[in-house]
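Participant: Each chain, letter by letter, is given below.
Protein chains: 2
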Amino acid sequence: MARSIYFFGAGQADGDATMKALLGGKGAGLAEMSRLGVPVPPGFTITTEVCTAYYAGGAVLPEEVASGLPEAMGRIETIVGGGFGSKTEPLLVSVRSGSRASMPGMMDTILNLGLNDAIVAGLAARTGNERFALDAYRRFILTYAGVVLGVAREQFEEALVAARRKAATTLGVEHSRLNNAELERKVPDSVLDPEALRGLIAREKEIVLAATGKPFPDDPWDQLRGAIQAVFGSWNNHRAKVYRKMNDIPESWGTACTVQAMVFGNMGDDSGTGVAFTRDPSTGERLFFGEWLPNAQGEDVVAGVRTPNPISKGRGDDARSLEVLMPEAFKQLMAVQARLESHFRDMQDMEFTIQGGSLYLLQTRNGKRTGRASVRIAVEMVKEKVITEHEAILRVDPSSIDQLLHPSLDPNAPKTLLARGLPASPGAGTGQIVFSADEAERRAAQGTAVILVRAETSPEDIHGMKAAQGILTARGGMTSHAAVVARGMGKSCVAGCSSVSVGRDAMTVTLYDDDGRPTGTKSFKAGDVITLDGGTGRVYQGAVPTVAASLSGEFGELMGWADKVRRMRVRANADTPHDARTARNFGAEGVGLCRTEHMFFDEERIEAVREMILAGDKTARHRAVDKLLPFQREDFIGVFKEMAGLPVTIRLLDPPLHEFLPQEKAQLEQMAQVLGVSVQEVVRKNEELHEFNPMLGHRGCRLAITYPEIYEMQVRAILEAACEVAAAGVEVHPEIMIPLTMTRRELVVMRELVDRIAEKVFADKGRKVAFHFGTMIELPRAAIRAGELAEDAEFFSFGTNDLTQTTLGISRDDAGKFLGAYVDTGIFAKDPFQSIDVPGVGALVEMACARGRATRKDIHLGVCGEHGGDPASVSFFEKAGLDYVSCSPYRVPIARLAAAQASLLAGSHAGPKATD
Amino acid sequence: MARSIYFFGAGQADGDATMKALLGGKGAGLAEMSRLGVPVPPGFTITTEVCTAYYAGGAVLPEEVASGLPEAMGRIETIVGGGFGSKTEPLLVSVRSGSRASMPGMMDTILNLGLNDAIVAGLAARTGNERFALDAYRRFILTYAGVVLGVAREQFEEALVAARRKAATTLGVEHSRLNNAELERKVPDSVLDPEALRGLIAREKEIVLAATGKPFPDDPWDQLRGAIQAVFGSWNNHRAKVYRKMNDIPESWGTACTVQAMVFGNMGDDSGTGVAFTRDPSTGERLFFGEWLPNAQGEDVVAGVRTPNPISKGRGDDARSLEVLMPEAFKQLMAVQARLESHFRDMQDMEFTIQGGSLYLLQTRNGKRTGRASVRIAVEMVKEKVITEHEAILRVDPSSIDQLLHPSLDPNAPKTLLARGLPASPGAGTGQIVFSADEAERRAAQGTAVILVRAETSPEDIHGMKAAQGILTARGGMTSHAAVVARGMGKSCVAGCSSVSVGRDAMTVTLYDDDGRPTGTKSFKAGDVITLDGGTGRVYQGAVPTVAASLSGEFGELMGWADKVRRMRVRANADTPHDARTARNFGAEGVGLCRTEHMFFDEERIEAVREMILAGDKTARHRAVDKLLPFQREDFIGVFKEMAGLPVTIRLLDPPLHEFLPQEKAQLEQMAQVLGVSVQEVVRKNEELHEFNPMLGHRGCRLAITYPEIYEMQVRAILEAACEVAAAGVEVHPEIMIPLTMTRRELVVMRELVDRIAEKVFADKGRKVAFHFGTMIELPRAAIRAGELAEDAEFFSFGTNDLTQTTLGISRDDAGKFLGAYVDTGIFAKDPFQSIDVPGVGALVEMACARGRATRKDIHLGVCGEHGGDPASVSFFEKAGLDYVSCSPYRVPIARLAAAQASLLAGSHAGPKATD
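Protein sequences appear in the order of chains A and B. Using the UniProt record's numbering, you'd call the opening residue of the first sequence number 1 and step up by one each time. Using the UniProt record's numbering, you'd call the opening residue of the second sequence number 1 and step up by one each time.
To be clear, the hints were calculated from the coordinates, so they are not data collected in a lab. Heads up, some of the hints might be wrong.
Repeated chains share a single entry, so a pair holds when one copy, or any two copies, can fit it.
[Stated by the list, open to error] In silico DSSO-like links for lysine-lysine, alpha-carbon gap of 27 angstroms or less:
| # | residue 1 | residue 2 |
| --- | --- | --- |
| 1 | Lys618 | Lys760 |
| 2 | Lys768 | Lys385 |
| 3 | Lys665 | Lys685 |
| 4 | Lys313 | Lys564 |
| 5 | Lys618 | Lys245 |
| 6 | Lys466 | Lys685 |
| 7 | Lys385 | Lys331 |
| 8 | Lys760 | Lys245 |
| 9 | Lys466 | Lys618 |
| 10 | Lys817 | Lys618 |
| 11 | Lys857 | Lys768 |
If you're wondering where the values come from, they're calculated on a predicted model, not measured in any experiment.
Chain A on its own, in the form it takes in the complex (with noise of 0.2 angstroms):
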């Protein structure tokens, strides 16, 4: 074995950023920091040949790693200047596993290893805080006993209740009625005394006894061995070995051990805890932004619970800044930051703490962002000459820019302002008030918009944060979770609202005057409608009309670079002439499916298609058709005129014709009424259009197989306004698209139709127009039969909501029930009606665009599922080698980054390639 013990710290490291393997990520990635000159705690990494070695040998440590740990720890101690073991100046360490592949959560961590009744007492003397040093131990213990001497949690959890029972007797609280989590909400951690904490703390001994039969070992050096031994021995655990079967991690790859030195930023008031961004992560500006708490830990600042201070002048309350009580930490934080972002090439977001006026850094990485950040700070510094404009491109995550065009307030509406918080995600939310994860989530799935309102949030309430059109919180900072996560997610948030006081059921908004004098306050209950604006902070009551995006001139300047290097074109799906002007104005570059049946469902339309349902034979269908034509041409009319000189391809109606029949008693005899039948005729044709499974049911093509009269109408409609249109002198590039295909003799069937009836209109117009012929993908069979498909289709577009409903067997109107389960356990990576599941609907895909292809060399090809503006799945796409994606007019601009960040990374992009 070659070295097997990594030091890193004070400025130096063994090894470095590429030895991932060896060290894993995290032992790598303070490595790499270090040797950039970067303080970070000082420590060791065992490697994972180790690990492999470990397991070698019956689970044994080997004897040249364990003689080799006193040298190692020895370093650490030169460098922070106190002692493993030591009673006065004691030295604590973490133990950490790391491995190549994130495995998040699946293996074991061990913090404040070293202590002992005696250390503790040290600890205590030395920080002058025997609150802090014992609790510290208590849960030293507990996770030691748990992760590295197997003993069940249960009793250690008594015996905390135990504790905290006891303490709410003497707190004076009336305790006898409430559960265990009630408990935990009346009697924190915190206010447990040190006595009690002795108490909780004997007590744990002596489970650890009885379970083990062994006391609880007091050695430092013991306990190291142990823990370094348990974190290789997690390497095995059952729910890492599940987990890497599911992610195809190999067994022998292991993993490494990392020892650290622990860094407390509540040792008193020359020490503290802070996180900052090199770039202000909200606008992008070239300002370092951050926030601290002063004698406080990490997890006080990222939690919310304390508001937090400032870190430069001129940002809040300058008396409390870290520029001003610390300024030489603060200059050597300004100094790191500078060197981290210089060194990554990006924006940082870092935590750090410093202990005894010592700063270290904790942890560097990309920082995240809103959308707007995003792209001011990769087109900043493209002009800074730091990246290439390539490298731009690839920088900005394309969803994110979503946020950008999504509609903010309208300034001149009307409102209703109930209070003032923290801009934490930008653009506009409105929804009804609910008060958990939850409940957002429930309600969002029926279809109710919801801002989610929380004293503060935590990881537990990611799945209701993501439902939300909103968040709101009482407490925390621009660092907070519920920020952070909220601008990760392009959410609106207003963090920090001090005026709004929230309980379990109800929140209560304190209301000021113009002079800041409190004038009352007012309930809000669950359902009620709140308006949140993420980029001001401010928070509404009712619902407040939005207005449409603007675009930063960066933004453009992006997209200007995005579509010199996109190979695929990207059209947009717009029902209505509106929606082509919408999309249009984001660059669409034609219609890539444009659902006729939308415009079914206008007042004065739906009588005459529900006529036409009724209709009990050709000539009564034909009466009803023919009263739909001209809707239908004056739509078809408009949208020829919006995307005038740019294709524009028209599915034929697609969904079964019950959806157009009302469901409820009085509509149906509403209906009855107007079109002069029974009710129990209207109630009987509703009973027999009934279907159980509706998305395999009489649709698509199949209702032109049966009723050819409504596709004869479509065609008519179609042929005729491109005539008018062109007899106008507008430039008309018609597609026809079926849907639902399967097989091709419904193609056969089809083409037939469409060319009788192109026939009979330019007759009629005493003129032609050219148009396209062609087919939906969306069924498995379509894919398979391609190469006959292509015979008859000039061109296919891959419908890939209804493909990936059929290739996976679910229906995405029922998947809820279990779909978050999947992504969740990792059954699927993402959610793949948001993104393609590649490896078998991708494969479809794939497979049809080369059968097609085999067939008919120049067929056109190109997706219009919602998966045609997700960024992973362009990406895709570029790959199986479309000829475009079409996706709704507000994602267009994201889809023509994807395909833009697509064509580079596949190298078929113009102008210079990859490795310029």
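Given the coordinates of chain A, assemble chain B onto it according to the supplied hints.
Facilitator: Chain B alone, transformed into the frame defined by chain A:
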């Protein structure tokens, strides 16, 4: 061009059966019969090459063909002794298309060609039947005007209606309120007298003159040339082109045109027409069997308008038999039938006409027969050394033996006899009376068993016959349309039941006493229940209980031969010990699909199932599933014992949970009471579980990802049952099958669950039982990712029902609205739920087999969808190399025979190869 006209007749022919490409199917068949010395009406066939030349020459009949017609016609005249165009001995001919491939109804046919005003008078004189002659003439003009001259039908129809109304007035029938269809019923063509027909003919000629500007062609030769050109022209009519495109028939083939002498069985008492079989098509007995009508046209026998006479003595009214009335023709017919059966080595179904004492065979083909007859004929022909055992296996349509396996009436059950008819097709059928084919289809689609009752049936009734449990007709014989079609379908049929009078909405049965004296009538309306016994021709009132099928000795012999050659195993889908026993009696070699959920519906169990569904948490769910455990274990013990020594594949819970909840209010209330929860809670749960597309919903292993307790219980029940029966000395081979798998990760989770429970059970029981773990392949994604799934699955079982639903995007429950149209228009050759869609679904099966085997060479492959019992599908599964098929117990013998046929055809059978 080579020879363009091929003559046949009088024991000679220029062509033979091998020349289908040149002469078309019809022309080649007539040539072959003529060569065999079988008397056929003489004629000649103009080749398909002439058709090609016709198009190449600009739609003009080549001169050498036109000039060759008189000589060819002369040969016909010589044989029949008449003259084409002769007024005294007129020869009429038919002109028909006939292509290499059958294109039923696509091209045109003209009958009775060669008539004009003068010749029709001669024909009337010659036949002594003026009405017959004039009716033939009127029909000829109508057809010729449409087919050759391209005159629209409407005016001809108006003329016919006018003639009918005039006749109605003459007859004193009140007709002013009758619509055309009602008029036709009241005033059939047969009541139009010569004067009326003459008026109609004059009117038809006026219409032709007005439409074409020319008089109707009087010259028979002009008529003939025109008709030949029209037949060639019809190759390119619109519907023929679409049909060819849909059926992949090359445009270049062209059609042949056959001109043949018309013969008439209604030319007097020395004429007649009939249908005969070389063996009894109902029992298979070696006995010549047929029916005829003197002085009648062929359609009179087939349509069943008149009840026919026997051909041989001893089969009814000897005095009216052909054997007695025309002993010469009878002798000739006996010789011909022997010649045809020995030539074609199969039972023949022949149509013949006797004109003026001369016998003519119009057609011979392998006769349709009942399943029972099919088996008997095949086995007896082996014993007669006419065919080999392998040929016998291939001779029997496996579907047809379904009839042998179906229950018949319980001989001991009390019955109320209503009527007796002819035993037209064996088997028992019970159902509600319906009076139209449409109604039969509609009600059957709703799950109602129906009996179709008609005066007689025609090809328009076929869809209703398919849907019905049985068919009852008031008219027609054993060879009537109803009888022939019902036998082919294996449906019970009682034909010619003359005591029944059928109206539009009701039937009246005349009842008789034991001496045959009428005692009164009894009326039945739609919805009343009757029972047919097609084996005896008896009709019973109400539903009569049935008993299981008993199989003949020939059947056993044939199955024994089949089992000797078959490669694939045949298992059964059996959910209960009773099903398993039935299946084993039918020769099943294991259970391929045991659906655990069918065990859930038992009264004592459903309560626990519902408790499980309503459980709010894991603990409550555990409590509920624990109640189910003993039931499930008992079921499995029963099935394992019945299948001792054979594999049993058990599928874990598959359907969505809402299937186990009641839907009606009263039941919901009762359920709430039984489970001690509020009705609201039950209603809420019901709503929560509602799915838009349950087929694609929360079911299969998705249930186990969210609620693992259910599968844990099921696996425990399976393995505890296996241990128990193994302890009792029973050989047990359990196979645990996961439904609706789409990703490997699901299987990883499921495999872990199964192994974990197995370890516990085996430890508890102190005994291990070997079992296999595998998955259904029933989603396209599973087929695509089969290579990965085979990492964990030791076997695949193709669930071709669901795979068809998802691959084609068709919900089986909803397909009724369009699938009929799809099959009727030829978009689907067959219902893909009955016979596997080889190019689509089959392609996925083949892909999955190949990918599964690539990962796991010895992976075991089977199918457990309905297709496992469909012969065409079984043939595909043989080619795909599956190890077994599994089907419902009653279809096991069908699958055994189909698998044997597939082995023979694929050359994969045991024993002597196909060349022997």
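Participant: Determine for every hint whether it applies to the structure shown.
Facilitator: Right, here's what the structure says about each hint:
1. Lys618 - Lys760: within (20 angstroms within a copy, 66 angstroms between copies)
2. Lys768 - Lys385: The answer is neither: 54 angstroms in one copy and 70 angstroms across copies each exceed 27 angstroms.
3. Lys665 - Lys685: Both, since 13 angstroms and 24 angstroms are each at most 27 angstroms.
4. Lys313 - Lys564: Answer is neither; intra-copy 42 angstroms and inter-copy 94 angstroms both fail.
5. Lys618 - Lys245: So lysine 618 and lysine 245 pass the 27 angstroms test across copies only (26 angstroms; inside, 59 angstroms).
6. Lys466 - Lys685: between (41 angstroms within a copy, 25 angstroms between copies)
7. Lys385 - Lys331: Within one copy only: 26 angstroms inside, 108 angstroms across.
8. Lys760 - Lys245: between (62 angstroms within a copy, 22 angstroms between copies)
9. Lys466 - Lys618: Result: close only across copies, 26 angstroms inter versus 50 angstroms intra.
10. Lys817 - Lys618: between (43 angstroms within a copy, 16 angstroms between copies)
11. Lys857 - Lys768: Only inside one copy: lysine 857 and lysine 768 sit 26 angstroms apart there, 59 angstroms across copies, limit 27 angstroms.
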